[in-house]
Amino acid sequence: MREFNYYRAGSVRDAAKRLGAGGNAMLLAGGMTLLPALKMRLNEPGELIDLAGIDELSGIKLTRKGAHIGATTTHAEVAGNVELRAAVPVLPHAADAIGDPQVRNRGTLGGSLANNDPAADYPAVALGLGATIFTNKRKISADDFFTGMFETALGRGEIITQVLFPIPQRAGYAKFPNPATRYALVGVCVAQFKTGVRVAVTGAGASVYRLTDFEDALDSEFSEVALDGLTASSANLNDDMHAGAEYRAHLVGVMARRAVTMALD
Amino acid sequence: MSGDMGIGVSAPRTEDRRFITGRGRYVDDINLRTQQYAWFVRSPHPHAEVRGLDAADALKMPGVTAVLTGADMQADDIGSLPVAWGITSRDGSPAVEPAYPALATDRVRYVGNPVAVVVAETRTQARDAAEMVNVDYEELESVSSATAAMEEGAPLIHEGAPGNTCFDWEWLPAAMAPDARSNTDKAFDEAAHVVSLELVNNRLVPNAMEPRASLADFNPATGQLTLYTTSQNPHVNRLLLCTATLKMPEHKVRVVAPDVGGGFGSKIYHYAEELTVCWASRRLGVPVKWTAERSESFLADAQGRDHVTRVELALDAEAHFTGMRVDTVANLGGWLSAFGPAIPTVFYAPLLAGVYRTPNIYVTVKGVFTNTTPTDAYRGAGRPEACYAVERAVDEAAVQIGMDPAELRRRNFIQPDEFPYQSPVGQLYDSGDFEGCLNLARELNAYERFDERRRQSQARGKLRGRGMCFYIEACGAAPSQAAGQLGARAGLYEVATVRVHPSGSVQVLTGSHSHGQSHETTFAQIVAERLGIDFGNVEIVHGDTGEIPFGMGTYGSRSLAVGGTALYKALDKVEEKGRKIAAHLLEAEAADIEFTDGQFRVAGTDRAVSFGDVALAAYVPHNYPLQELEPGLEETAFFDPENFTFPSGCYICEVEVDQNTGQVELCDFVAADDFGNIINPMVVEGQVHGGLAQGIGQALLEHCLYTPEGQLLSGSYMDYCMPRADDLPNFVVATRCTPTPFNPLGVKGCGEAGAIGAPPAVINAVLGALRPLGVRHIDMPATPQAVWQAIEAARSGE
Ligand SMILES: Cc1cc2nc3c(=O)[nH]c(=O)nc-3n(C[C@H](O)[C@H](O)[C@H](O)COP(=O)(O)OP(=O)(O)OC[C@H]3O[C@@H](n4cnc5c(N)ncnc54)[C@H](O)[C@@H]3O)c2cc1C
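Protein sequences appear in the order of chains A and B. Quick note on numbering: my numbering labels position 152 of the first sequence as 152, and the sequence is numbered without any gaps. Quick note on numbering: my numbering labels position 102 of the second sequence as 102, and the sequence is numbered without any gaps.
Don't read these hints as lab results, they were simulated from the structure. Treat the numbers as computed from the prediction; the structure is a model and nothing was measured. Treat the hints with care, since some could be wrong.
These stretches of chain A come out as covered by chain B in the derived footprint (C-beta under 8 Å, 3 or more residues) [to be verified]:
1) 152 to 162
2) 248 to 258
Dumping the calculated EDC-like pairs for lysine to aspartate or glutamate here, alpha-carbon to alpha-carbon at most 20 Å [to be verified]:
3) B:LYS60 - A:ASP55
4) B:LYS462 - B:ASP658
5) A:LYS39 - B:ASP28
6) A:LYS39 - B:ASP719
7) B:LYS462 - A:GLU224
8) B:LYS569 - B:GLU539
9) B:LYS462 - B:GLU594
10) B:LYS247 - B:GLU131
11) A:LYS39 - B:GLU293
12) B:LYS577 - B:GLU642
13) B:LYS573 - B:ASP544
14) A:LYS137 - A:GLU224
15) B:LYS573 - B:GLU594
16) B:LYS252 - B:GLU547
17) A:LYS17 - A:GLU224
18) B:LYS569 - B:GLU635
19) A:LYS39 - B:GLU131
20) A:LYS65 - A:ASP50
21) B:LYS577 - B:GLU628
22) B:LYS569 - B:GLU594
23) A:LYS39 - B:GLU296
C-beta atoms are modelled at their ideal positions from N, C-alpha and C, and glycine is treated no differently.
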């Protein structure tokens, strides 16, 4: 790790100001992704702006519109939240499948979405539920937010403040973990709304994506049987030592069915 | 009066207090005033010519003291890293042993090969400067797999090794029939059944919890060098430093291996980094420290296994094994690590009889250079590879002839009345009760009720399989003369000093080294039992050449069998002298003195003197036979074993496979081991658990994978999958004891058993589950993808 300046921001405004001030600054949330990257010298920021002290960024609130979750809310807080468990169980379920207790106690929703790791769990749930990502400047729909591998629609100096997850009629998230990292080798989120079904896939491609033919099939009938004969394409899927594209495509099909079963459970 | 902590008791570990409270003292915890830090410049290429090195920019960086290269090393007459075992090819020529400089001079042969070292005031400064060292590489063609390296037209890695062959070896020791080959061929000609398998034994990264570290402190005023290093055998490191590399007299070098966080073989060797910091400290006159980053451990710690083997087993019509042929290609890496050539040969072939009466066995092994990290001993070292070949072949035979695998094994077991048993591959097995172990394992597994469990799994949509393995291994290396005949360049005895203090407390100085094996507990139990003193009055000192007379260290499950016996022999001497002192104090004949429960007693009387009083008399010799006996009570013994010891055991494992995903779940694992006598059952159980975890890791999770050219793909925990607690079932472990007659403690060793027996048990179970789908073969690790692919291939009739 190279030397850097540490700054503890007092408010979102303060953090944004600092971020815009030059000096090659980066935001620090749970540090679960950023700190290892610093140690490996993959990132070499001049300054880290810690969001941990900003109270307004943390918390969970349920309204008519859905579940509002602050950017620095930890995975453990989401996983353990009783109201979420009742209203939108897929969220705490997915949060509980992230990493290990240490990671869940430090890692945050905002950090996970901003990072957009192709194998991360939250992006699948955010896209599957059609979440809205609020920043200090605007709001971005999940469909527009995840733009590529480790890439998002966030501009320079933009800070995620909270995320709004609409509440589906039912939903499920099935994850097949990478044996080494326990990130998603493939994770599929299936959510049924009055307006239609959304199916989002993580782990398989360069970035989280929707599976429209699965959505159409489930729109006509929300059951495992509706997916009979449907397979996911292996085109452009990730290929590494743990899983080739063919195997990933196969797992997409298996996990989608499991997510449906879970939603119906 | 051993304070209830004698032999056979699960005494709580003495070491745990400091480890659990964070007060262990590891190399990296030691800091010396004025110390500087080393950072190594390593090759990013698998194979390249080093055309030049420009350190000018690096030297200008803040805090930098020096940038040292292989050329500087040569100028200082530093020797290359030694090979500790010579192997002879079947045509009589010696194995090719290319000089292995600690810092490459003209060519690098694997990714991570050190080429220079930067020494600076802080670690970060050294690292920053290392990034500024410009090495001019000319990349060469490269190859990572041994079979590819043997092909015609493969890039040549060492000039002196055509075809990249280090050795082409066959196993025909003196004890074996010279016509082993033709006899074996004949057995195959006459066989009723022949099984033939091609097996890959996957390469592993050792992954000790504590990365390697070395801190060298040369004192220019006294000419004394002290090296603190993560070693399993500090005396061996001193020997090699003094005689082969640094070339200093032993009395000027002290090597300390303090608390060491795991080794698994990877901390046996005299490594480039350790030598380099010693030399740098001597050259610069400051202490120099190096601590590996985890990513360096992946590149620079000697790796394990990596065999491709063709094994064939011949059976007669009654399912007796009549012959076995084994042909193995072993990947040795870019250079030879210290024991690199010995592991796939003399630590492998002699175990290929397994626990069976197979009369004819013929083994050939090719050792091959590749552009990968050198390989060497890793927990089990040669024996897991042997066991895997034998036990996979036996299971395959059971399938082929339609016999219960337990029955097939039973039918071929060496019988209890045949010990000591001379195996056809040159080992004299000490003792064993294979059928007893098998029965114990069957009972713990509820063997007869498997079909019921299989149906239950089926009802849950899972395929259940059961696998079995019966391993035997050689521990307690080694009879020095036999080892010498096989090419060892060192003796393999062990040393212990028992120092009785005037007050009767005892210090043991042992040449064994504990880096997780609990010597401080188990060795103290032996002393407490023998001398009848309190366990708390015994201290075990290990890991310091400045304190301990000599030693060969810990590997190959040798500590108790060899080091424990040295201790036992030193205790004999203490007892013997104590008897003479007691005889004097009691005015009796030494021959009439018995020693039990810490009391020297005139036989048949109540006249007695305690061990403590005898110790005091030895140091305050007012009433003492000074004419016949020296004062003091301190004895040393060197023990060179007569034979190896041969732990054995039966493992049964059950798995459930999810055929939709290929995921294998371990449901049950039963281990019934024969370790001979046991000093501390809890410690032994812990060793078994750890070994099983590593063996299961090899079978299902761990895979050290290179690109065909030699870039390491699994270079971090993001890709190299270590077993986690939730990957493992609750182990059911039990022991059955047939003491070895080859040491007075009757102990065999338990450190590697799990890692040896688990892989074939797991793979046999996985195949048991998959066979109904038509799957006949799978290589380790049986990852979800590998299992899924095997199922798909079987379905499509491939
Ligand atoms: C051992 C381990 C296992 C893991 N397993 C999983 C897993 O199974 N599944 C999974 O999904 N993830 C996993 N993770 C990642 C984990 O979820 C991280 O917490 C998450 O990816 C990043 O969140 P963070 O709060 O730690 O962010 P940080 O590491 O602090 O930051 C990550 C990036 O996001 C930026 N950032 C942070 N907050 C904001 C914000 N509010 N606005 C804009 N940008 C911001 C930072 O500048 C940085 O670039 C694992 C991590 C570890 C270390």
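Results for each hint:
1. Counting residues of the region 152 to 162 of chain A whose CB falls under 8 Å from any CB of chain B gives 0; the rule of at least 3 is not met.
2. Here the region 248 to 258 of chain A counts 3 residues with a CB under 8 Å from a CB of chain B, which clears the bar of 3, and the coverage holds.
3. The suggested pairing of B:LYS60 with A:ASP55 is violated, with an alpha-carbon distance near 46 Å, which exceeds 20 Å.
4. Pair hint B:LYS462 plus B:ASP658 holds up; C-alpha atoms about 5 Å apart against a cutoff of 20 Å.
5. In summary, the hint linking A:LYS39 to B:ASP28 is supported, as the alpha carbons are separated by about 18 Å, within the 20 Å threshold.
6. Restraint check for A:LYS39 and B:ASP719: the C-alpha separation of about 18 Å stays at or below 20 Å, so the hint holds.
7. Restraint check for B:LYS462 and A:GLU224: the C-alpha separation of about 19 Å stays at or below 20 Å, so the hint holds.
8. Restraint check for B:LYS569 and B:GLU539: satisfied, since their Cα atoms lie roughly 17 Å apart, inside the 20 Å limit.
9. At roughly 64 Å between alpha-carbon atoms, B:LYS462 and B:GLU594 are farther apart than 20 Å, so this suggested pair is violated.
10. Using a Cα cut-off of 20 Å, the hinted pair B:LYS247 and B:GLU131 is violated, with the two alpha carbons roughly 31 Å apart.
11. Proposed proximity of A:LYS39 and B:GLU293 is supported: the alpha carbons are some 10 Å apart, at most 20 Å.
12. Restraint check for B:LYS577 and B:GLU642: not satisfied, since their Cα atoms lie roughly 26 Å apart, outside the 20 Å limit.
13. Distance restraint check for B:LYS573 and B:ASP544: the Cα-Cα separation of roughly 23 Å exceeds the 20 Å cut-off, and the hinted pair is therefore not satisfied.
14. Distance hint between A:LYS137 and A:GLU224 is unfulfilled; the C-alpha atoms sit about 41 Å from each other, more than 20 Å.
15. Our distance criterion of 20 Å between C-alpha atoms is met by B:LYS573 and B:GLU594, whose separation comes to about 14 Å.
16. A threshold of 20 Å between alpha carbons decides the hint, and for B:LYS252 with B:GLU547 the separation of about 14 Å falls inside it, so the pair holds.
17. Annotation: proposed proximity of A:LYS17 to A:GLU224 is violated, straight-line Cα distance about 50 Å (limit 20 Å).
18. At roughly 9 Å between alpha-carbon atoms, B:LYS569 and B:GLU635 fall within 20 Å of each other, so this suggested pair holds.
19. Only pairs whose Cα atoms come within 20 Å are accepted, and A:LYS39 paired with B:GLU131 is accepted, the gap being roughly 15 Å.
20. Simply put, A:LYS65 and A:ASP50 have alpha-carbon atoms about 30 Å apart, too far for the 20 Å limit, and the pair is violated.
21. Our distance criterion of 20 Å between C-alpha atoms is met by B:LYS577 and B:GLU628, whose separation comes to about 11 Å.
22. For the suggested pair B:LYS569 and B:GLU594, the alpha carbons sit about 18 Å apart, so the restraint of at most 20 Å is met.
23. For the hint linking A:LYS39 to B:GLU296, the alpha-carbon distance of about 14 Å falls within 20 Å, and the restraint holds.
In terms of the numbered hints stated before, the structure departs from hints 1, 3, 9, 10, 12, 13, 14, 17, 20, listed from lowest to highest.
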